[in-house]
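**Q** Plus 55 on top of the position in the sequence shown (first one is 1) and you've got this note's numbering.
Think of the hints as simulated: they come from the structure by calculation, not from any bench.
C-beta atoms are modelled at their ideal positions from N, C-alpha and C, and glycine is treated no differently.
Among the clues, some could well be false.
[Said to hold, decoys possible] DEER-style ranges, computed between Cβ atoms: (1) 66 with 110: 27 to 35 Å; (2) 128 with 74: 25 to 33 Å; (3) 110 with 73: 15 to 23 Å; (4) 118 with 74: 26 to 34 Å.
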Amino acid sequence: MFVAEAASGANFQYRFPDGLASYKAGTRVLQPKNGRVFECRPWPNSGYCVQWSPSTTQFEPGVGSHWQEAWIAR
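Use the sequences and the hints to build the structure in full.
**A** If you want it as structure tokens, here you go:
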């Protein structure tokens with residue numbers, strides 16, 4: 056699995072929303088809108104991490120209205 060490092064030094068596996076269908080508990084993504092890394096929460100919340108589209112953004116890491124239900128800021 057590819058792991059990169061954000062400017063903050065935090066590791067991530069994907070640049071959001073790349074690889075969206077593969078997100079699961081523990082997956083770390085870089086949110087390009089704010090440069091922060093977010094980790095998908097454990098089950099039962101991990102299912103929210105893949106619930107995103109351009110018209111349904113409530114679980115988008117760091118910016119969606121309900122992002123904290125799906126993600127942990129790292």
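**Q** A separate judgement is required for each hint: does it hold in the structure or not?
**A** A quick look at each hint next to the structure:
At roughly 30 Å, the beta-carbon separation of residue 66 and residue 110 lies within the given 27 to 35 Å, and the hint holds. Hint check: residue 128 to residue 74, Cβ distance near 19 Å, so the stated range 25 to 33 Å is violated. The supplied range of 15 to 23 Å is met by residue 110 and residue 73, whose beta-carbon atoms lie about 19 Å from each other. In this structure the hint that residue 118 and residue 74 lie 26 to 34 Å apart at CB is violated, the actual value being about 18 Å.
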